[in-house]
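Protein chains in written order, with numbering that gives the first Met the number 0: chain E, 0 to 464; chain F, 0 to 464; chain G, 0 to 464.
Be a bit skeptical, because a hint or two may be false.
One copy or any two copies: either way a pair holds, since identical chains are not told apart in the list.
Restricting the straight-line Cα-Cα distance to at most 27 Å, the calculated cross-link-like pairs of lysine-lysine (DSSO-like) are [as the list claims (entries may be wrong)]:
1) K440 - K331
2) K440 - K209
3) K334 - K42
4) K118 - K440
5) K118 - K274
6) K274 - K440
Everything labelled a hint here was simulated from the structure, so no lab data went into it.
These numbers come from a predicted model, not from an experiment.
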Amino acid sequence: MVNTNIRLTLPVVCFVWQIAMIILFGVFIRYDEESDTHWVETKAHDNITSDIENDFYFRYPSFQDVHVMIFVGFGFLMTFLKRYSFGAVGFNFLVASFGLQWALLMQGWFHSLDPQTGKIFIGVESLINADFCVAGCLIAYGAVLGKVSPVQLLVMTLFGVTLFAVEEYIILNLLHARDAGGSMVIHTFGGYYGLTISWVLYRPNLNQSKRMQGSVYHSDIFAMIGTLFLWMFWPSFNSAITDHGDGQHRAAINTYLCLASTVLTTVAISSLSQKTGKLDMVHIQNSTLAGGVALGTAAEFMISPYGALIVGFFCGIISTMGYIFISPFLEKTLKIQDTCGIHNLHAMPGVIGGIVGAITAAAASESVYGKQGLINTFDFTGDFKDRTVLTQGGYQAAGMCVSIVFGVVGGAIVGSILRLPIWGDPADENCFDDEVYWEVKEEHQESIPPILEYNNHMIHKQQDL
Amino acid sequence: MVNTNIRLTLPVVCFVWQIAMIILFGVFIRYDEESDTHWVETKAHDNITSDIENDFYFRYPSFQDVHVMIFVGFGFLMTFLKRYSFGAVGFNFLVASFGLQWALLMQGWFHSLDPQTGKIFIGVESLINADFCVAGCLIAYGAVLGKVSPVQLLVMTLFGVTLFAVEEYIILNLLHARDAGGSMVIHTFGGYYGLTISWVLYRPNLNQSKRMQGSVYHSDIFAMIGTLFLWMFWPSFNSAITDHGDGQHRAAINTYLCLASTVLTTVAISSLSQKTGKLDMVHIQNSTLAGGVALGTAAEFMISPYGALIVGFFCGIISTMGYIFISPFLEKTLKIQDTCGIHNLHAMPGVIGGIVGAITAAAASESVYGKQGLINTFDFTGDFKDRTVLTQGGYQAAGMCVSIVFGVVGGAIVGSILRLPIWGDPADENCFDDEVYWEVKEEHQESIPPILEYNNHMIHKQQDL
Amino acid sequence: MVNTNIRLTLPVVCFVWQIAMIILFGVFIRYDEESDTHWVETKAHDNITSDIENDFYFRYPSFQDVHVMIFVGFGFLMTFLKRYSFGAVGFNFLVASFGLQWALLMQGWFHSLDPQTGKIFIGVESLINADFCVAGCLIAYGAVLGKVSPVQLLVMTLFGVTLFAVEEYIILNLLHARDAGGSMVIHTFGGYYGLTISWVLYRPNLNQSKRMQGSVYHSDIFAMIGTLFLWMFWPSFNSAITDHGDGQHRAAINTYLCLASTVLTTVAISSLSQKTGKLDMVHIQNSTLAGGVALGTAAEFMISPYGALIVGFFCGIISTMGYIFISPFLEKTLKIQDTCGIHNLHAMPGVIGGIVGAITAAAASESVYGKQGLINTFDFTGDFKDRTVLTQGGYQAAGMCVSIVFGVVGGAIVGSILRLPIWGDPADENCFDDEVYWEVKEEHQESIPPILEYNNHMIHKQQDL
């Protein structure tokens, strides 16, 4: 018998790590100047006349949308399994709450450690970045949903956030690639990280829990809550940290259009895949989102409205075909069990997004962007002020590769750690079952309608006869 | 047997129309100056000192609220049927995604085609207007919910958006009526459009699917998600495209108050309608929203806080009475089968809203609005700078009539098209059933509690004896 | 037999109170200058150059988040009971809609009645405050959930809002305590108000409705919708009415961090409390929110990021332990039946929040806040310009006591009124049952899977033999 008792490990991990967070925050984290009471002086110094120019007002609405995507979006998207909704929403809640704290530290050390004071100064943009970082780990959770313990998820998140901060530093700072919505940094990395972990944790006898796989009617509707909040708020996701003004404006428009296009082609392919043209909820719940992933890099570029539609068009097709053809292949041939199909929703569209980003960057021109617009969009300043768009395209492509390498190598290492027999993961026949880690009330008595209870009674009487 | 196979039609329509969208967007749609990289120059030219004056920051939070209303609000409001929740949320998702693209084109051609370049320049306000336009079609969907195929819905949306753009052009541009929240343009038009289509598609034997009508406990709670998101975000809906500053501020306050008042009178009438004073979920889900509809035109006016409460007061009464008395009458006498009761939630309150708008416009005065305030609120500039408030009231009423005419005549024509036997609509006995267009997993085995499975087993044994 | 017929009382209360609201609004309530058409002149007078400086843009996004917390957050959090979800969401909707109107009047009379005109001028900040005031009453609803009639809830809200406005006036205006997120004013008051009412209404035979207590699988997922929207938007709640600029910015950051920390310790204690380390949904749904409550007072202070984490750390522990140890004690020994455990989610964390606020205020210093920052944060202006931080700490503690006294004494009085046998409250055996006040459709026929229907048929045949 497998031991799934986590009464020792889970509380210990939660307490120790949370205490570590408190200590590290005490040492390193401070308010940035726009969230500090000294802003009244900073403001005067910077000739800011109105409080509305505080970055809070540029970014807070987008931040809240992103926050909803992380907790309701990812959480509910994974409730589709008939008896793993507690785990889906609840563990998502747990690992995201830990992950965002750790992300503030890791991203702070790599991106914004003040050399003079040795402190990390945080503001609303840091919170968005922390949520983004967590998204990478939640994507990975999708691949192993139902097959791991909450302790394993926390370990996955600890290493996931760490790896994320490093690859992000390499891609955004060293290579100076642009990736505002994280096609590469978030989705490609998170996708391959999760898939590789799932591959290392391969369970040959997973069909022993076949009865718990798949959805029921109501669980599919719950999952649509996740889908829709992700879909609706994706324009905020891709525009949350882009440049003030036209940058945020354009990224939101592009993502809005791209996602609309994805819905139509997803429906088309889903309908084509069934004999009588019926639609499959799995496709509607997932592939409709692929366009948002694929525009993560290019959303802030002048990809033009019809360009956004084209990206969405192909992503809907590719992602839905992924669910139909590639997922079964991955499972049978490559031994990758991908519960939520993150390969089709994040990994593939993420790679497409990286490529789209590289091409559109390489094709950027002063005639389209304007002289200053080009400099602003690609941040051709400081060390990078002489970079050409063609070079930029090359670095974008290099960034793409970095994210894949980090995902695969990192996933292999972390997967190996997670194979240790100390984490309390479920037996093959108990996967996808909330009973393992949750107090689930018995519903038998309540859910039997009176008329049936009567029948039961009659049956027993008959048996007695 | 009726043929509900849509494996050919649905994919073809989705692909062809989406490709048409891409081509038309390529030809016509461009970023407006506030979402273009050239904004850095435009800004300097217009003496704008801070990025925060980009229209994005005035309207994006409202846009996202409206977006939630369209996809989660309308989608979940229609999940109340016991076995049509996939169709409610899923087809809503599909037609809205197509509709918003087509709306950007249609509204662009009519309202903002640049004569010099022949292009349509879009920004965040265009996205809101596209969502608004889609709302009209989703309202119409409510009347035919469960009785049409997704292909029919797409056709309804294609023509609905087209008609919408034309009536909107006549009402807002030619008549110069004000209708920020769309009492006339959105709700009256959408309501009568849907009702007339439903009248043309009358199914005399619809009671053959009686077992599928009505709700179950959980489906009513899902529907409340839709209700609440519509109710909470309606202040954003009515203020999304009103004037910057006090216009948006006032529209939000008025709608907030009006909707609160509606809830109390809805509850009162619902309770009065039952012998023991019990409440009916249908009323709570729908009539509580009537106030938002009815304030669509007047929300930006100086209707005063108590005026908003009065509008809400009567709308709650009238809408709930509609569900109790008028809907059965419409079905029996006028042969209009209105699945969601859009007559009570959109058509009637929309007409009330148009009337309230006409009266409050006609009663506007410089003493209340201030000289400049009056000009700003009713946009008495350019060709209309000599218009009096009384004339304005008349044009508002004329706008009301235009929206009804477009709804009824347009609905009759489109309804006739939808009667063609090529669209794969369900048979009378299969209406309101997701099985027709969706892969619905069999739940029998899973949902039977173990004790019953045992009984079944026993029964079969007994039968064998 | 208990009479639960509310066909007379509920409509009468709704109609009469709503008409009273209309009259009082007509007499007292007007648009404030930023939502009035005269703003065009006011603005010119105040040298405001851009519409974006209208308070609407500082506060509307936060307002909408708070609005979602009130209607979806509180409403769905209480849907956890297996058959009281209509009552949870529906009555929450009703009382909040009445309460916010009454709150605008009560808070207006006490806080912003213009002495010259005798009018109350409202804007977006008033709407937020009205929602806050309603929150106090909805907290109280949590204690009596399932045991009272909607008429009783409306009476509770009428008095609750009244008491709230008075205690708020004493605490914020007379004592000049700071309480932006309402640890004292909202949560402590609301918590003790509800608990005392529940104590007065003690039902010794409540176990007669034991079959209706507790949750089922799906109701627990619905409740998580409430939990997550409360959790995600709490940073908006605590920052909604703080100072423009750094005040709002800092309050949001602090609350975000604090709540993340609470999740980890809640999970830890929940897991510790079960033999095999399984988690309990009751804890996850409720205790994860305690950190937001406890930071209500101090969120706008320079409590520093690690300080916020520490508050969250202890609140998760205390609140979860409350569910495990204190709630059963309260019920058995003190005869307080607390359906939702508001003592653990609101009352205790509210008191902690008051204490944290008093300590952090007393410990504030110019070196941390800056000279002007200190004055701004604690509003040491006018009559209070000579107050020291130590004195401020004392007044904060005094405010804490005022809120408890108002809760307990007010609750005792209102509870006595609610014991009158005229309100139509349910019998002990019908508590927690939607059937009492709602039309609930019979699901027996529909929910029986076909195979079982067949069996029923067979059984009946057998019986006939």
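Hints, verified against the model:
For the identical chains of this complex, K440 and K331 are inter-copy neighbours only, at 23 Å across copies versus 36 Å inside a copy, given an alpha-carbon limit of 27 Å. Taking CA atoms no more than 27 Å apart as the test, K440 paired with K209 passes in both settings, with 22 Å inside one copy and 14 Å between copies. Taking identical chains as interchangeable, the C-alpha atoms of K334 and K42 are never at most 27 Å apart, the minima being 57 Å within one chain and 55 Å between chains. In the homo-oligomer, the alpha carbons of K118 and K440 never lie at most 27 Å apart, since the shortest distance is 48 Å inside one protomer and 54 Å across protomers.
When the C-alpha separation of K118 and K274 is checked against a cutoff of 27 Å, the pair qualifies neither within a copy, at 61 Å, nor between copies, at 43 Å. In this assembly of identical chains, K274 and K440 lie within 27 Å of each other by CA distance solely across copies; the values are 16 Å between and 40 Å within a copy.
Checked against the numbered hints above, the structure violates hints 3, 4, 5; every other hint is satisfied.
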